Amino acid sequence: MLSKRKLKTIIFLLGSWAFFNLLQDEILDILRERKLKKEEEEIYSKESETEENRLSKSTVVLFTYYRSGSTFTGELFNQHKDVFYLFEPLILAGVETGAENMKKELLERIFDCDLPRFSEYSSSKLPSYVKDSCGRKNFCFAHATKEFCSPPFCGEDFTNDRKMCSRGPCKVFGKNGDLIHEANRICNSKHVKAIKTIRITSISPFVEFFNEFDSSQNFKFVLLIRDPRGMLNSRLRISRIQKHETDKGAEITKKVIGICKKIVENIKTITSSHFMHSRTIILRYEDVALDPKSYAKKIYEKFNLDYPENIDSWINQNTHNDQKSGKMNIYDTHRESAKIAFDWRNSRSNRKMPYQFLQPLQKGCAEMLNLTGYRTFASEAEMFSENLQTLVPNEEVDFLLHL
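First residue of the sequence shown: 1, per my numbering; consecutive thereafter.
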């Protein structure tokens, strides 16, 4: 039989053991809580970094129209080291209007940096000149993306020689996937993805689509417009329509009037949608042509991009004609931008617009011209008058075009 003293000792030891276990459990609970808290903080930190990284990235879509000065404006994005730029990637959906679902599929792939190769869409109803151009490297307009003009895509750096990049010793985006994987990696590494397209003539069917992807893309939009008279004149010249070929000229005029109506529709879509209005800038090609450096600064600032050191010299090279050759390539960006923008109404220019197309175009484009601040001309004398400015500033237009 245990003595009282031994019994007290045993009870004390049992109590101490229980207390120790309780203390140990408490300590373990505290350690578990600290570990969980640390893990939560690490997860939150990673999520914050991911969110910060996501918010620092954006996708720019440049909506524009054929012969609207978009090549030069798009190049302002392509020249920036932090931008991955694609020139007309939606051509894979065809050159005609419509095909919205296919265009959305292509856009979604680009948003995810899963860049489409030509061979994946070569069965599309594409003109032979598109198939020839896109099939050369199995990637449409690869030469228009600066990264695709240097190693590993080309044997040497052709960044400043797009003709060599287009036709020179550059690799094909083949089936083995090596180049396309590298292209996708570069796409993912840039702060900004920029897409220039003339294939979305009507923005309205795409608003909901863009809204759906905004959380991952942080969209910004540019609507680039041009005086339809300059646009028509450029199209007449490319089609080599002569002054006496009124029927052919009338057909092209009709198409440009259709573009005017689309521009008005798109501006109304943008201004009536908070999602689009808060993310979109509207640019007139003529404003950019008159003061390219100032507008380049405004555009970079709007999209949170620093002003590249090389951009001033690049703008000088690409807004002045090559005086040595004396030749002018109507598909080139190496031209005197301000002169070309208004050459359609220069009486001394061999590129002036035939007057017989002016009044039908102005009548069909009246709403667009008024909405966007372009002066209308009542006579041939007014059209060629150097005393009348083409751009007519007013408060409504200034608000609409405010950068």
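Because the hints were derived from the structure by calculation, they are not lab data.
Don't take every hint at face value.
In silico EDC-like pairs for lysine to aspartate or glutamate, Cα to Cα no more than 16 Å straight-line [said to hold, decoys possible]: (1) K171 to E156; (2) K81 to E301; (3) K104 to E88.
Label pairs and their in silico Cβ distance ranges [to be verified]: (4) R375 to P152: 47 to 55 Å; (5) H191 to R375: 37 to 45 Å; (6) S216 to K268: 22 to 30 Å; (7) A378 to Y129: 36 to 44 Å; (8) L388 to E367: 14 to 22 Å.
Keep in mind that this is a model prediction, so the values were computed, not measured.
Positions of the beta carbon are idealized from the N, C-alpha and C atoms, including for glycine.
The hints, checked one at a time:
A C-alpha spacing of about 11 Å is found between K171 and E156, which places the hinted pair at or below 16 Å, so the restraint holds. Of the pairs offered as hints, the one joining K81 and E301 holds, with about 15 Å between alpha carbons and a cut-off of 16 Å not exceeded. The hinted pair formed by K104 and E88 meets the criterion: a straight-line CA distance of about 14 Å does not exceed 16 Å. Checking the proposed 47 to 55 Å range against R375 and P152 shows it holds: the Cβ atoms sit about 51 Å from each other.
A hinted range of 37 to 45 Å for the beta carbons of H191 and R375 is consistent with their spacing of about 40 Å. For S216 and K268, the hinted distance range of 22 to 30 Å is satisfied, since their beta carbons lie about 28 Å from each other. Roughly 41 Å separates the CB atoms of A378 and Y129, a value that falls within the hinted 36 to 44 Å. Between L388 and E367, the C-beta spacing of about 21 Å keeps the proposed range 14 to 22 Å intact.
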